[in-house]
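There are 2 protein chains.
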Amino acid sequence: MSSEDDTAQHRFDVHPWGVGWSCRRNTGWEDRGQAHRESVFSLSNGHIGWRGTLDEGDPSAAAGSYLNGVFEEHPMPYAEDGYGYPEHGQTVMHVPDGKVIRLIVDDEPFDIRTGELAEHRQLLDVRTGILHRTATWTSPAGRTVTIASQRMVSFTHRSIAAVRYEVTAADAAVDVTLLSEIVADEPLPEVHSDPRVMDALRDPFEPVAHHGGGGRATIVQRTRRSRIAVAVAADHRVSSSQGAAPEPHTDVSADLARTSVRARLDPGASIALVKCVGHEWSPDLDDVALQDRAEAAVETAMQIGWDGLVDEQRQYLDEFWTRADVTVDGDERLQQSARFSLFQVLQSAARAEVRSIPGKGLTGVGYEGHTFWDAETFVLPVLTYIAPSAARDALAWRHSTLDHARDRAEQLHLEGAAFPWRTIDGQECSGYWPAGTVAFHINADIAAAVVRYVQATGDVDFEREKGVEILVETARLWCTLGRWDDEGAFHIDGVTGPDEYSAMVDDNFFTNLMAQRNLRAAADACRRHRDQASALDVSSDEIARWTTTADAMAFPYDAARGIPEQSAGFNEKERWDFEGTPDDQYPLQKHFPYFDLYRKQVVKQADLVLALQAAPDAFTPDVTARAFAYYDGLTVRDSSLSAPAQATVAARVGQLDLAMDYLAEAGTIDLDDLQEDVDEGLHVAAHAGVWNALVCGFGGMRDDGGALRFAPRVAAPMTAFSFGMLVRGHTLRVEVQHDAVTYRLMSGPALGIRHFDEEITLEAGVAQRLGIPALADPGPRPSQPRGREPRRAGAET
Amino acid sequence: MSSEDDTAQHRFDVHPWGVGWSCRRNTGWEDRGQAHRESVFSLSNGHIGWRGTLDEGDPSAAAGSYLNGVFEEHPMPYAEDGYGYPEHGQTVMHVPDGKVIRLIVDDEPFDIRTGELAEHRQLLDVRTGILHRTATWTSPAGRTVTIASQRMVSFTHRSIAAVRYEVTAADAAVDVTLLSEIVADEPLPEVHSDPRVMDALRDPFEPVAHHGGGGRATIVQRTRRSRIAVAVAADHRVSSSQGAAPEPHTDVSADLARTSVRARLDPGASIALVKCVGHEWSPDLDDVALQDRAEAAVETAMQIGWDGLVDEQRQYLDEFWTRADVTVDGDERLQQSARFSLFQVLQSAARAEVRSIPGKGLTGVGYEGHTFWDAETFVLPVLTYIAPSAARDALAWRHSTLDHARDRAEQLHLEGAAFPWRTIDGQECSGYWPAGTVAFHINADIAAAVVRYVQATGDVDFEREKGVEILVETARLWCTLGRWDDEGAFHIDGVTGPDEYSAMVDDNFFTNLMAQRNLRAAADACRRHRDQASALDVSSDEIARWTTTADAMAFPYDAARGIPEQSAGFNEKERWDFEGTPDDQYPLQKHFPYFDLYRKQVVKQADLVLALQAAPDAFTPDVTARAFAYYDGLTVRDSSLSAPAQATVAARVGQLDLAMDYLAEAGTIDLDDLQEDVDEGLHVAAHAGVWNALVCGFGGMRDDGGALRFAPRVAAPMTAFSFGMLVRGHTLRVEVQHDAVTYRLMSGPALGIRHFDEEITLEAGVAQRLGIPALADPGPRPSQPRGREPRRAGAET
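Residue numbers (this note's numbering), protein chains in the order written: chain D, 1 to 797; chain V, 1 to 797.
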């Protein structure tokens, strides 16, 4: 990092319940992390995503108003074509942006780059779900005003986002004009290097309808290729500290709705504008129905009013935090990041409602807004225990895309379903097959998420109605993808596992392990749901075949080292020259060709370690520790998905200090922009990983086969931590201190759990405090590739 | 094949010295193979390529006038970018086309699709190097004329192509107008599926200059991106059977030069036009110098005149055929294809003069006009023995691109030079790295061609001036590309060998074998040329390292089968389901995803078999036979490069009948359009393979380490064959009959050779006739994948 970057470390203020940022300068605004802040201050409910742009729109890095599922299609360019390459890509679209409120002070537009900014503060409060902003600004003409805005994307009203914007005159009277807009022609940032792709995305919307008057406005547009209609409606309420509020006036064109309010403010007087914006989209609803829905949502929100919306948001979040809060004593940055992360997980999915959970949520255009395996592998394990209905909805979305997945499997000459590596609507959009098409583990990841969800919630209806079909179709894929050898072992050749610095390997351990579980789960589910099974033409022979195949699954093993192998022969490959790789050559994929990465022992992100995490019971503690140490020495963490898994497994093998370092890195990956890519959106899966590392790593939580188990340990600088979860109808809190754990069952009937090796029964309302056994010597701290040690938050660089 | 295609079998007339085609219909012209004929009737000298279009330009599939080295640059599109992906591609450009001569008969343009075509014949005469055409046509208005044209691309005047066009009136007087053109705005056929690429290529030239008058015209243009200037000049001479010839008149614009000649022909009278066209290009010469060169070449050619050009062409080819002719008795189709093939090899390279030999020569836009390993691996082994100066020039071209290859190696973090997988000017243009970047064997293929050339010619000057540097830089590549294992073996991991249905394999046998020879050759050359070696900073340590590395090279071996393995672990992979693959699913890469091909035992084209061919001494006869049989059972021949190598090795292991079948397929791959892609140009390497199969396969010729050896055998339906070659200054002819061989040394001092295991000495002018020993039982004929047996020419399908 350059020294400029060094000073930018810890750029956000630390709050236990939020993230703040303040400045007293108004120069070099964009250079000083504007795009980064827009991502961090994003608000979302899983349906709407509003980036944390300034109210007045400028300066802005990427305006960012997204609706989950709204994308434009574009051609996929290839230098050399190949069979099965996807012809069309999809990119999330910036929809008409209702968050803009411009301010004019005595004919001078409020722009933080001009005049004098006495103070500027932003604070994302994750307890209330409100983004606060205050600014005191003196215009170039010498007029001073104070601006206080609050913004929310409602968790309780899915299509509603709202802003309250208040301007107060300082020591002199001023004329103020508020221009509240819906802006529909903002350009998309460069999401693809190919101009042909960008051509398709440059002007994606055609106008459908627009109207407005008074304080109301509606714009309806439709994407040109994907034919998705979007309606954005707004209404306004004005109040004044000095008598009757002025009337708003609205003009609307196809691309811009502008509601203006003018007032003369006496010194100390203020005017406030509340704006509610409704968002609806559909690929098939007619335009009128769509705009009616958006306007109806706005009308409801206006009736509830700003304070009502704030109250509802707080109630929603109170309930969430009561259930799910994670407290950390002794490490205020970790406390901040634990809650910020959990809030981001919630934001990404709370109201997605049978839409995907993109890798970056709705916080930016990174990865073109695509969903990967991140959702099922990292995000759903958290949602399942803290917001199970959101987990159910996300899996229902996967179920809704089964026809696309079946078509893809058929194209690949496989049976069952081949879920896409990256997509928005369920169709494969990956343009690099060695790390796309053949990352077949996505299918098992989805199956595992189904199993986990059903097991943790007991939602048998979901299993019957949707789960069985997912399990059956993914199980079928494995049977045709793999092959039997002469000794009766089943191999899965030529696939890419989680580690993207390997590709097209045979018997990736993680893939085979997950496929094995997928096959067994399909067999189990079909035995439980015989009607569903026959509806899917599952015979008893087929069930038997799944079981036989699962039992015969090959797992590569490095006998010399006594550890499982990431894939067949991996540990025999040449070791990457870590000593000879300078720091500025990371991330490696930007400085070395794939072929060189693929043929050597170098791991981008947890792969075998992810298998250790996913199936702790499949490995003895010794094997786990050896395997973790070996692969930690090869893992460069060029992916945000890596540190959380490393933290989890490090904690489990007793490497608590190392686990804390990985956890700290995971927790600040976005706040400190460790990968220098947060401008394009947050890493939602990494945020989920923070919870996972705390709960499954330090908490030692396992929920395999119905037996909930904890083995918690605190590590410095933490002095204590606690977490909550929902499991099979029970609400449970676990409070961990250095020497003891307190389990509190908040509700529900008695619950049997294991505390380390002890079986105990929890009764609702009765706290149980149990001692923590001494930690066995975990041996020396595993070392990492030179220069790739975890970046501990707060450490000097 | 459809029945329509069946009837199109043997569509060309069989001549011992040429290829003919005639028709009496003038409907459905384009459907009936127009593009195919344009490729087959292409004329070239390696500098100019003129496709065999009709003189009048229409109907035409692809006009096709190419100059070796003239290309336009275009952006390379990728759905997902990666480090080291080439940013710019190159595509051969159609230059201003000087072969067009339109005819107007009493105001009716001669067009074979109109009026009545009594007869139409084309004949490519490979003995004279002339393309003949005759047509008798009655215009819609009822006027009948006979057209006789002859076309040549001169072997003796590098930049000259010429046409003689004669029209004769039949039984009525007619007014005829001849419009002889240089056409500079003909559109390029679709060479790439990406519109962005085509946009860059659609209008590639900008005008630079044009002028003309009388019978003369010149057009100078320049490519917009690659900045290559092209000058095409023409002059004309008119003669008449009825008195003074009319004067030509020329108009020239930036895009079109048109020389017109008008005459009234009495019944039986004729007018003839001779047109000489000069072609020059340069990336750096100034425009005036360039056009002066083109015009000077034309002036010289006009002075020599048509008959003089024809005589020179004949003399050139007489000399060539005297040296190089291949005769085949008993199989007239094989006789035809043997000479046609040899002529195509000559055409591709004769006057290329330090330019590349593209995969399709200058006969079409297939592969965008790129050069691959074909040149060094298939074409140069022939040229070295029949036109060594062309081989030298091709290698000098590779030498001239060393800076590009060094840059590429550096980009890949390798030492030495990494030659491009596909290119026009030496810069890598491959857009699919698994079959491009990592096909590193190209480097050893080039090194092997250097060694072969120097050994076969004794051209020590070339070795010193250029060869050493190529050998050194390629040897350096292998040292950094490979790695040492703990047992002291040297491995080359993650490469792609010749077989494109495997990729990114470890220890590809062919690659390692060729790399081993590359290393040894570099060491040998540096010991012979110490000054050159020190100029290249080669130390004795480095030489020792090459030798040590070569000695330690790992070669995968299948102990169970007792055969070398195509790559490490290849023979353990799942076998492709050949039985379950219907005929219409070939070529496999158009119907199956790469990942599935890569992970299974299925071979697109000779790979291990190519190693058997390249290094016969490295394998015992038993191992060779077993390995050939094993891999023949896996090889689907979805590449034109495969059958010739299979023919060669089949002949060597005594599978003569199978060898004949492969040879027949190789010989007719273009004439019968077996791969349905000849429209885009001829398969020059496959043509070279015909010679190789006859000489190195049936002739048993080996020239390893300076000891020339023959072990010839005739196979039915051949009753005898003969071939000639130049070796170390000797001209040798070998005439093979069923029971005996006659060796004739045509010139030079005495030459020691081996006939089977017998050492003999040949004296110039003294024929030696020696018996052929009985063929040992070669065992059963190897079988091929179902439906992929060789397609014997003439066999009913």
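Do not take every clue at face value.
One copy or two, either will do: identical chains are not told apart, so a pair holds if it fits within one copy or between any two.
[What the hints assert, rightly or not] Mimicking DMTMM-like on lysine to aspartate or glutamate, the simulated pairs with C-alpha atoms at most 20 Å apart in a straight line are: (1) LYS590 / ASP81; (2) LYS600 / ASP506; (3) LYS600 / ASP329; (4) LYS590 / ASP638; (5) LYS600 / GLU247; (6) LYS590 / ASP255; (7) LYS590 / GLU87; (8) LYS590 / ASP329; (9) LYS600 / GLU759; (10) LYS590 / GLU312; (11) LYS600 / ASP325; (12) LYS600 / ASP486; (13) LYS590 / GLU465; (14) LYS590 / ASP425; (15) LYS600 / GLU415; (16) LYS590 / GLU190; (17) LYS600 / GLU410; (18) LYS600 / ASP485.
To be clear, the hints were calculated from the coordinates, so they are not data collected in a lab.
Are the CA atoms of LYS590 and ASP255 at most 20 Å apart within a copy, between copies, both, or neither?
-> Neither way: LYS590 and ASP255 sit 39 Å apart in one copy and 45 Å across, limit 20 Å.
Same-copy or cross-copy closeness of LYS600 to GLU759 [CA-CA at most 20 Å] = neither (45 Å within a copy, 50 Å between copies)
With identical chains treated as interchangeable, where does the CA-CA distance between LYS600 and ASP329 reach 20 Å or less: within a copy, between copies, both, or neither?
-> Classified as neither; 42 Å inside a copy, 55 Å across copies.
Between LYS590 and ASP81, at a C-alpha cutoff of 20 Å, which is it: within one copy, between copies, both, or neither?
-> Answer is between: at 10 Å across copies they meet the 20 Å cutoff, but 23 Å inside does not.
Have a look at LYS590 and ASP638 and pick one of within, between, both or neither, based on CA distance no larger than 20 Å.
-> within (10 Å within a copy, 35 Å between copies)
Within a copy, between copies, both or neither: where do LYS600 and GLU415 come within 20 Å Cα-Cα?
-> between (33 Å within a copy, 18 Å between copies)
Given a CA cutoff of 20 Å, do LYS590 and GLU190 count as a within-copy pair, a between-copy pair, both, or neither?
-> Within one copy only: 18 Å inside a chain, 33 Å across chains, cut-off 20 Å.
Should LYS590 paired with ASP329 be assigned to within, between, both, or neither, using CA atoms and 20 Å as the limit?
-> Close neither inside one copy (39 Å) nor across copies (61 Å); limit 20 Å.
At 20 Å max between alpha carbons, let me know whether LYS600 reaches ASP506 within a copy, between copies, both or neither.
-> both (15 Å within a copy, 11 Å between copies)
With identical chains treated as interchangeable, where does the CA-CA distance between LYS590 and GLU312 reach 20 Å or less: within a copy, between copies, both, or neither?
-> Neither: 46 Å inside a chain and 57 Å across chains, both beyond 20 Å.
Classify it for me, LYS590 with GLU87: is the Cα-Cα distance of at most 20 Å met within a copy, between copies, both or neither?
-> Only across copies: LYS590 and GLU87 sit 15 Å apart there, 26 Å inside one copy, limit 20 Å.
With identical chains treated as interchangeable, where does the CA-CA distance between LYS600 and GLU247 reach 20 Å or less: within a copy, between copies, both, or neither?
-> Close neither inside one copy (69 Å) nor across copies (74 Å); limit 20 Å.
In this structure, the earlier hints numbered 3, 5, 6, 8, 9, 10, 11, 13, 14 are contradicted, and the remaining ones agree with it.
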